[in-house]
Amino acid sequence: MTATEASVRELTYGAAFTETLRQIMAEDHDVFVAGEDVGAAGGVFGSFTGLQREFGEMRVVDTPISEQAIVGLGTGAAVSGLRPVVDLMFMDFVLVAMDQIVNQAAKLKYMFGGNTSLPMTITTNAGAGLSAAAQHSQSLEALLCHIPGLKVVMPSNAHDVKGLLTASIRDDNPVVFVKHKRLLGQKSYCPEDLFEVPLGSASITRPGNDVTLVTYGRMVSESLKAASVLASEGIDVEVIDLRTLQPLDTETIVASVQRTNHCVVAHEAVRFGGLGAEIAAHIQEQAFDYLDAPVGRVGAPFSPVPFTPALESEYVPDAAGIADDVRAAVLRLG
Amino acid sequence: MEITAEVLVDLHHRMVRIRRFEEAAGALFENSEMPGFIHLYVGEEAVAAGVCATLRNDDQVGSTHRGHGHLVAKGGDLSRMMAELMGKATGYNHGKGGSMHICDLDLNMLGANGIVGGGIPIAVGAAFANKYRKSDTVAVVFFGDGATNIGAFHEAINMASALQLPAVFVCENNEYGEFTPRRDTMGVDDVVDRAAGYGIPGVVVDGMDVVAVFEAAAQAVARARGGQGPSFIEAKTYRFYNHHGVQTLGVKYRSDEEVARWRERDPIVLLEERLLALDVMTAEDIEAVHRQVQADVDAAVAFGKESPYPEPSALLEDVYTVGGVR
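Respectively, the protein sequence lines represent chains A and B.
Position 146, counted from 1, in the first sequence is what the numbering used here calls 141; the numbers after and before it change by one each time, with no gaps.
Position 68, counted from 1, in the second sequence is what the numbering used here calls 69; the numbers after and before it change by one each time, with no gaps.
Watch out, some of these pointers could steer you wrong.
Below, a list of computed lysine to aspartate or glutamate pairs in the EDC-like style, where the Cα atoms sit at most 20 Å apart [as the list claims (entries may be wrong)]: (1) Lys132/B to Asp23/A; (2) Lys135/B to Glu52/A; (3) Lys135/B to Asp59/B.
None of these hints come from the bench; they were simulated from the model.
Next up, chain A with everything else stripped away, as it sits in the complex:
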């Protein structure tokens, strides 16, 4: 992105989502939206504002509070040739619909011997930081990345919201599109016309030579902050924004680590069993001899998300914590 482009057009992360959906619905009549409160109310976070008024009740469907039936509605409609976007208000509610997502949508194509496709996008909102407590704050992407048949996307900025949502809806597979609640109001560059960011391609947000910092979602901005601080200390950090978590762009990660010889992975999700573990495993398989230090992992501690701001701020990883782990990796002796 150039400075000129940025001054031309900025949108919030949330507005980029709404605009993209409106543009796709205008060009493709097979696309419809269904979920709780998406119609007249425009969604709890305003993500669907104005869409029902523009496209009508049949294309923007207010559903009962029935997550299994919402995903089933999408699956059945997708098998019947439509291109549904179904919304599960909070990522925590994905768990309520897990049978329909994991046992049904993810596997139908394979179980049917390839004789169908399932162009469904499941949109949802993840992340802590709003004192929403343990059932409205989770980052559960690792659970979904473990399931063959699903794709998982977590954008960090308005541009990628647009490009990834377009690619997700046009993809012929079930894609879980995860927004971060605390990014919804963040403004950044976003082109007006529809475009695709291909699923499975990471971006190098900040090039650097000393250490590779792999991250995604809201931790991208925290990682960039950490990188600025570290730059003043003489540590040149390369920040990779994964953008898509399944399929994972291991090529970009490995190529970077082969140059920098150090790597730290940072995510908001619980560290144990998180994406960081998978990425570290890939690096030791494909770039072991290039490493000068163990791969560092930053993630939330092994506890539910706490309610009180006093504890939640301790829980969510931040730039200072990421910088500490990067220093530990780079300055390691031996």
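With the hints as your guide, set chain B onto chain A.
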């Protein structure tokens, strides 16, 4: 839809195809020539046949783990079915689904389903697509009495009612959820009582009487096709074999006397008595149908046996759609 002689003959043919197919599949399973699980539809033929005879090709059918009968009744190819049950590359699902996931999307049979109740929300999604397209296509979903105890059923039937979708809910009440009597697992006398809670009209039919099933289904399907919303049919039926496999008698959870009592009301025998009484078919005609269907089933078994297994390279194919549907 009128019950003409032609309809009766068609119903009989569909039922015999299911029975002969299932008996052959059961024998292969007993003989270890079929891997995995098998949930036979024998005894319940009147339900699938009676309902599917009221449907068009474009009407969708959602199914269950006891799903062979639904596919046969929808017009499924016996050879591709048998090959699938044997895990062969020529099967409907190229050997990747087996008995519990068998499907034919060209016939709009949306697949058997290994999760009890799991197919109900998907069928409701198909019904939504019909309404979305302003077509008069109807989605029918079969499920057992046990499935009405799972959350997906309640969410999906409520959704169909709230959105007034062209769906028909067909409960095959065979009185057992696996090995547990229905009466121990629900507080209503008839499963159909649940429909009222969702504002959906429901009827109980004798699931051993294919004509009764056909008449109820014709009415429910016409209602859905006419844009009047979903209906519920409870067909009281019985599975002659065990929940899984081919054992009939000597099981712990139901008495041999009960099995014998239900077997006296074999739905195919009941229909054949009627066909003879009405002079629609002669004993010779009936015998000829059985002979012809058995020959088709034997050919299907031979096809399955002769077919190759998938190549190991197929393992990672079709996890995702890449560049279109095959």
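Hints, one by one, checked against the model:
1. Distance check on the hinted pair: Lys132/B and Asp23/A sit about 17 Å apart at the alpha-carbon level, within 20 Å; holds.
2. Note on Lys135/B and Glu52/A: the hinted pairing holds, with a Cα-Cα distance of about 14 Å set against a maximum of 20 Å.
3. Between Lys135/B and Asp59/B the alpha-carbon distance is near 14 Å, which keeps this suggested pair within the 20 Å criterion.
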